[in-house]
Amino acid sequence: MTSKYKDIMKQGLFEQNPVFMQALGMCPALATTTSAINAIGMGVATTCVLVMSNIVISIIRKLIPDKIRIPAYIVVIASFVTMIDMLMHGFTYELWKTLGLFIPLIVVNCLILGRAESFASRNSTVPAFLDGLFMGLGFTGALFILGSVREILGNGSFMGMQFSEVKLFAFVLPPGAYLALGILAGLFTFVSNKFSNKTKEKS
Amino acid sequence: MREYVKTGLVLMMITLVAGFTLSLIYELVKEPIAEAELQEKLRAVRTVLKDPTTGQLIIEEDRIPYDRESLEKYVWEPEGFEVVDGVLYTSAKIRGTVFGPAYKFDLVDDRVAYVLVGESPGYGGPVSIVSSFVVKDSEIVLSGMEVIEYAQETPGLGANISHEEVKDRYFPVDRPGLETGLKLDKTAGVSPTTEKELMDRRRREEGIIQTSDVMTGATITAESVVNALNLMYEFLSEAGVPE
Chain L
181 MTSKYKDIMK QGLFEQNPVF MQALGMCPAL ATTTSAINAI GMGVATTCVL
231 VMSNIVISII RKLIPDKIRI PAYIVVIASF VTMIDMLMHG FTYELWKTLG
281 LFIPLIVVNC LILGRAESFA SRNSTVPAFL DGLFMGLGFT GALFILGSVR
331 EILGNGSFMG MQFSEVKLFA FVLPPGAYLA LGILAGLFTF VSNKFSNKTK
381 EKS
Chain D
10 MREYVKTGLV LMMITLVAGF TLSLIYELVK EPIAEAELQE KLRAVRTVLK
60 DPTTGQLIIE EDRIPYDRES LEKYVWEPEG FEVVDGVLYT SAKIRGTVFG
110 PAYKFDLVDD RVAYVLVGES PGYGGPVSIV SSFVVKDSEI VLSGMEVIEY
160 AQETPGLGAN ISHEEVKDRY FPVDRPGLET GLKLDKTAGV SPTTEKELMD
210 RRRREEGIIQ TSDVMTGATI TAESVVNALN LMYEFLSEAG VPE
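Heads up: the sequence lines are chains L and D, in that order. Each residue of the first sequence is one higher than the one before, starting from 181 at the first, in my numbering. Each residue of the second sequence is one higher than the one before, starting from 10 at the first, in my numbering.
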C-alpha cells in the first residue's frame, strides 16, 4: 500500500474518525446505537452508501457543473440509500424492521455529503473508493464501540447475549447516548494524542 | 441561457439514470420483499396460535399454514364485509385498519380461533400486528398478539414493542376486558404493579395493559397496539363474533 493510501486509511479510521473526531452523522450515531448489532447494521449500511456514492461522484465529477453539484450529489446519495433500503427490506428483513426509520435518513447524513464534497469530487476513483471504505469503517467501528458500551451498561447484554442483571437503563435512553458518546470521544482523543505524541518523539 | 440549459440537462440525465437504476433494483427485490413479508406473516400466525399460558400450539402442527396456498384455505369472509384494496374494516371511532382477508381456524372442543391482521398509527408510521381471538359459545379471549412491522418506530424506544416481555403484556384478555376496551396503565391512571396476579386480573377483567415498566418513553407505540386490538375486537363484534 502506498503512503497516500495508508494516509487515507489512518485518516478514516483514527485521525479524522467521523464520529469521535469530526462529530459527523450524530443522529444515527446516537439513535441507532442502543445495541451493538443495530450499530453494526447501521454502520455497514452507511459504509455501502458512502463507498458507492464516493465512486460514482468521483467518476462523474468532471461532468457536473459547479452550480448544481450539491443537488447532483444528493440525487446520487438518495438513489444508493433507496437501493440499500430496498435490498435490506428484501434480504435482511429483521434488521430492516429494527433500523427501518433510520435507513432513509442516511441521505441526510452529513458524513456522506461531506466526503462527496471534500474528497470524492476532487480525487480519482481509487482514492475516493478507499476514502469511502475507511471513513465508513471508522464510522462503523465508532458506532460498534458506542453500541457495545450502551448495550453492556444499559441492558447487561452483548450482541443480544444476556450476561448480567445489572442494568443502568439510562444508557439505552437518549441521555445515556450523549453521556457514552462524550466519554468515548474524550477517551478516543486522549489515546490518539498519546499515540501521535509517541510517534512524533520517535521520529 | 445556454449554460442554464446545459446544467438542466445534466441534472436531468443524472436523475434519469438514477430513476432507471432504481426501477431495475425494485424489479429485482419485489419478490424477495413480498416473500419476506409473507414469511413474517406466517411466522406471526404460528405464534398467535399458541396457548398464552402453556405456550403449546392450539392447533395440530400439520394444520399450521406454511405458504400462501395453505394460508388461503383458512380465509374467513364474514357476511356484510368485503375486502377493498386490502382493507377489511375501518372505524370512525378508532384510528387504524383491519386488513383482509381474516382467517378462521377450527380447534378442538368446538373452539374457533380468528386470526386478524391490522395496523394503527404509531410514532413514525404504522405499527402492524397479527392477533388471535379464541371463541367458544359466548366466550371470547384475546389469545395472542405478534408485532410484524414497526420499522418506523425509534430504535431503543418504540421499536422495543417487538420485545417478548412487552408483547406478552397484551394478552390474554377475557371478554369483560375486551368489552371495556383495552387501555394502557398510564391512560387508565393506575400505578404499575409487580404482582403478576394483579397484573393478570387487571388485564383480563378491566382491559388494563401494563407496559409502563417494560417500555419507557414510547407511549404512542404501545398505545397504537392497543388501538389496533380494540379495532379488531370492534370488527369481530360487528361481524357477529361471538354469537
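Keep in mind the hints are simulated off the structure, nothing from the lab. Hints may be right or wrong, so weigh each one.
[Claimed, not checked] Here are some chain D residues pointing at chain L (derived, C-beta under 8 Å):
| hint | residue |
| --- | --- |
| 1 | 19 |
| 2 | 78 |
| 3 | 80 |
| 4 | 84 |
| 5 | 133 |
| 6 | 135 |
| 7 | 158 |
| 8 | 159 |
| 9 | 172 |
[Said to hold, decoys possible] In silico BS3-like pairs for lysine-lysine, Cα to Cα no more than 30 Å straight-line:
| hint | chain 1 | residue 1 | chain 2 | residue 2 |
| --- | --- | --- | --- | --- |
| 10 | L | 347 | D | 82 |
| 11 | D | 15 | L | 247 |
| 12 | D | 102 | D | 39 |
| 13 | D | 39 | L | 347 |
| 14 | L | 347 | D | 102 |
| 15 | L | 242 | D | 102 |
| 16 | D | 205 | D | 59 |
| 17 | D | 82 | D | 15 |
| 18 | D | 113 | D | 195 |
| 19 | L | 347 | D | 176 |
| 20 | L | 190 | L | 378 |
Here the structure is a predicted model, which means the values were calculated and not measured. Ideal placement from N, C-alpha and C gives every residue a C-beta, glycine not left out.
Here is how each hint holds up against the structure:
no. : hint           : in the structure
1   : 19             : holds, 6 Å
2   : 78             : violated, 21 Å
3   : 80             : violated, 18 Å
4   : 84             : violated, 24 Å
5   : 133            : holds, 5 Å
6   : 135            : violated, 11 Å
7   : 158            : holds, 7 Å
8   : 159            : holds, 6 Å
9   : 172            : violated, 10 Å
10  : L:347 to D:82  : violated, 47 Å
11  : D:15 to L:247  : holds, 11 Å
12  : D:102 to D:39  : violated, 35 Å
13  : D:39 to L:347  : violated, 41 Å
14  : L:347 to D:102 : violated, 40 Å
15  : L:242 to D:102 : violated, 58 Å
16  : D:205 to D:59  : holds, 20 Å
17  : D:82 to D:15   : violated, 59 Å
18  : D:113 to D:195 : violated, 33 Å
19  : L:347 to D:176 : holds, 20 Å
20  : L:190 to L:378 : holds, 16 Å
The earlier numbered hints that this structure contradicts are 2, 3, 4, 6, 9, 10, 12, 13, 14, 15, 17 and 18.
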